[in-house]
Amino acid sequence: MEHVLAILVGLFVALGIYLLLSRSVIRMLLGMVVLGNGVNLLIFTAGRLTREIAPIVPDGLSVPAGPIANPLPQALILTAIVIGFAMFSFLLVLAYRAYQTLDADNTDTMRLAEPDNAPNPPLSY
Amino acid sequence: MAGDLTQTLDPLLILVALAPFIAALFTPLLQRLIGSYAGWVLALVPAGIFAYLSSYLHPIATGTLVQGAIDWVPVYNLRLSFYLDGLSLTFALTIAGIGALVVLYAASYLKGHPHQGRFLAFLMAFMGAMLGLVLADNMLALFMFWELTSVTSFLLIGFDHSRQAARRGAIQALVVTNIGGMGLLAGVLLLQMIAGTWEMSAIGGVVRDSGLYGIVLACILLAAFTKSAQFPFHFWLPNAMEAPTPVSAFLHSATMVQAGVYLLARTTPFLGGTEIWTTLLVGFGGVTLIWGALGAMRQSDLKQMLAQTTIASLGLLVLLIGLGTETAILAMVAYFVAHALYKAAMFMIVGAVDHGTGTREITALGGLANVMPLTFFAAVLAGLAMVGLPPTIGFFAKEEMYLALANTEWQGILTLLVLVAGNALLGGVALLVVIKPFLGAMTETPRHAHEAPPAMLAGPILLAIAGVIGSIFIIGLADYILSPAASSIRGDYVESHLGWAIDLTSPVIWLSVATWILSGAVYYWAGAIRSGLRRASSALGWTADTVFDAVMFGLIRFAGAVTRWLHHGRLELYLVLVFVTLALALFVPLLGMGGLERLLPTAELGNWSAVLAWPDLRPYEWGVIALAVIGLGAVLMAPSRLVAILSLGVQGAAVALIFLLFGAPDLAFTQFMVEILSVVILTLVMTKLKLDERDPRHLEDLLRDGTLAVVCGAGVSLLLMVVLAGPLDTRLSDFFTATSVPIAHGANIVNVILVDYRGFDTLGEISVVMAAGIAIMALLRSRKKPAAPPKPRTRKAKGATA
Amino acid sequence: MNTLIFRTLAPVIVGIMLVFSVYVCLRGHNEPGGGFIGGLIAASAIAVYAMAVGVPAVREALRFEPTAFAGFGVFIAAGSGLLSLGTGSPFLTSIWLYLNLGDTVVPLSTPMIFDIGVYFVVFGTISAVALALQGDEGEEP
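Line by line, the protein sequences are chains B, Z and C.
Under my numbering, the residues of the first sequence are numbered 1 to 125, in order.
Under my numbering, the residues of the second sequence are numbered 1 to 802, in order.
Under my numbering, the residues of the third sequence are numbered 1 to 141, in order.
No lab work stands behind these hints, which were simulated from the structure alone.
For each residue, glycine too, the CB sits at the ideal point set by N, CA and C.
Don't take every hint at face value.
[What the hints assert, rightly or not] Partial chain C-side listing against chain Z, Cβ under 10 Å, derived: (1) L40; (2) S109; (3) P111; (4) D115; (5) G135.
[To be verified] To be clear about the criterion: a stretch of chain C counts as covered by chain Z if any three or more of its residues have a C-beta under 8 Å from a C-beta of chain Z, and this derived list gives those stretches: (6) 25–32; (7) 43–50; (8) 77–85; (9) 118–130.
With the sequences and hints as input, model every part of the structure.
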């Protein structure tokens, strides 16, 4: 069953990259979210899958009775989700501001930092 | 006496090199407190060093070697070691002695300049670097001080940085000398490799027999020739004359340009003496001598004339080191001392003339002897030394160098002719500099001519007189300075035979006489020689200087072109590059390093059945995966932005369900909340923008991006499958599982990891979340157009609240 | 969104969500939950409330700037770690205190304070963003 998940991760990554390569800023944003989900699933699957048994020690025991899901990738992904969301919000607001200021949602027309006809460096001492 | 050197330790030697740096730190403060008197106080530092080092004259002349060292990087057995022998002492005394006079002179020359404190600080730092250079025993320390002299001289030459010529001169000096610096570094590292020691005093004769000798020699010569302005690297020196005159007097007579000469002298014991050494040094030195002397005749600016003669004198010194015989080395040391004294004096005299009259143009000056008698007096004495007339050290230096070449074969006679011609030209320049501005009819000058202030006269007069006194007591000078220095260079004891007994039957004295007569002739026909040389150089059309400019500008153009090529400003191409790299990083290990083989069937044939078997997923799990795929497809195909956002929510929810199905309820809840909030805020933003609905990509771009995306996706899938085929290291997870309740008192292992085991990590992460929040606030509150008048922040004014 | 039913029900829903978020946060050490999830639920509650009654009313109800909550969260999370320095242990070593209240034992600990800090950071940051975006009118031409 892990191989099915592996292929699903590949689909997430492929779509994420495809959207990121778009020139439309909002599509790039969607791409970031999809790619982030793909990477989270990648870590999750790489830590092996276990059905339905959450990594929680039952009451009264000091160690879990049987095999449980791997807790380490879960801890990593939990913070990754929240940080990913914070970054997504930041990028969204950045795109929003850029749209308002530059009146553009297309990276081809956002050339403030690297203008089309950059001047030559001065030839003097 | 040779061979039985006694060694003494003196930790104060380190302080000698560091004291000027310390003084430099306090110079601006001192300048602020006591104004232009700072120069008098600062001059005490080099004067003190001079006095201190003088106390070593006798021990060193009797065969003592003084050492001082502190640990630098003990791990690498690196010590900041200094030592003092005859050669170091000669150079150090010259630097400290002339340095004291120059500091005094500079304080008066730049009186009232707004950045005088800065200037004096640079000057002191340079002096420290130079003292460190000539005292260093450790080769890395030598390199460090070498580069420090380059940097501080850059600051000094470019001191008047509002003029482009000064900036150009400074950059040129820095670039040329730093090319040599790189050579020195390479040479030093190779020497360490060959000899196995960082201390120059410990390098034996192994270098000459090494197979790397040629490369080492090339590196060291590159360093010495660039620093000492040997042809064809000579062009930076005249341009460095853009510096204020005290700098020229200091850097370009006794110190920085002599660093290359010092390096050659210092490395003679383990590099010198070979045929190639002699050939290269004599060849380059001779060409430089003639080139510089002719260059001097071409000029009419006093300072430029002196600059060109300095090039010639440096060539002469290199030539003498190349000859390497006892007499030649003795002549080289004598000439070094004589040159340092008269050239520093000459530069100061020219500075005084410039200061007093407002011009340095030789054709515009005349008859100054009456108004500047003391300057004239110094000029006459310095001029005598430069022409090589008695009673000056210059006379003995010239005698000695002719003696070195007497009775030799045709190469020697050719060299002798070069020497005579060079000396004659230099003598002619000296006559021009001394006679033209001071004698003859008085001319009109931009400023009303007046005598220089005492602080500016002290230097040239003292130095010129020192040259005379040195010659009167030539036997003492030879015993205490010339002979010990020559002995250090030669590596064994050199007996001096200098004295006042002049043998009129020797051809040497008649060569001197011939030189004087030729000097007179050069002086007489100076005008004709000058115009002839100018015609010749304009016929040539280009100089090393123009080549330098072409190279520098070519470099700038090349850098600009490369930058434009790499920074084309098209974001999607940058990203394509990133993902192509990702694809390579995924597939190279998979294909090239045998990663994929883990997935291939093995001999037991067990593998294929496992891989090909229908995955044992339950129906609802297939449902969730199908939901994820549908969500992804919908994001891709969505006809409008709103549908795309909702589809994004669908795929996110599917991910959350996967987490839930495979034992991660915490992740599932978090993912659900995040997806809901994402959709909400995306919708909030989207409804405010009028966005273009279409994907603006052309078909070929779509194909390129699609291919790249599929390749990367396939790479990640394959990588994950390979990882899954391998073993899982569960040590960490097992530890957390086993200790969560007993040690950390928490049953939810994921939460325990987050807030306890990896709490520091989580603390960093929540800080990042908060920082992102603050950044978002800052973005939202920054106004769209800063120039617009601020609108009232009330709810009624639409579009005002942020 | 501004239907009467929604406006009437919203405070009740929001109240329940906020209480639930605190519950989820506090039980997180032994059951599914924790500061991250709790903070997200509370932030959603704030977003819902803002839809119902408007951003200024929510800001007034919160009393403090939302980012201040986030700062407070980082502050107490770091502070809980500093407590362990008093016992000579490394930064962020947990300290447990069991309070006996009659029949029940209430465990208090520095990881709990830390988790509450996480809760505040997530809650403060995300509600700040949500409120700011809801309040921003778009400045369209």
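Do the hints match the structure? See the list:
With 10 Å as the threshold, the beta carbon of C:L40 comes within range of chain Z, its nearest partner Cβ sitting at about 4 Å, so the hint holds. A distance limit of 10 Å between C-beta atoms decides the matter here; for C:S109 the minimum to chain Z is near 7 Å, and the interface restraint holds. Residue-level restraint check for C:P111 holds (minimum Cβ-Cβ distance to chain Z is 4 Å; threshold 10 Å). Hint status for C:D115: holds, given a least beta-carbon distance of 5 Å to chain Z, under 10 Å.
A cut of 10 Å between beta carbons decides the hint on C:G135: the least distance to chain Z is about 5 Å, and the hint holds. Here the segment 25–32 of chain C counts 5 residues with a CB under 8 Å from a CB of chain Z, which clears the bar of 3, and the coverage holds. Taking a C-beta to C-beta cut-off of 8 Å, the segment 43–50 of chain C contributes 3 residues in contact with chain Z, enough for the three needed, and the coverage statement holds. With 3 residues having a beta carbon nearer than 8 Å to a beta carbon of chain Z, the segment 77–85 of chain C meets the requirement of three or more and the stated coverage holds.
With a cut-off of 8 Å between beta carbons, the segment 118–130 of chain C has 9 residues touching chain Z; three or more are needed, and the interface restraint holds.
In the structure shown, no violation is registered for any of the earlier numbered hints.
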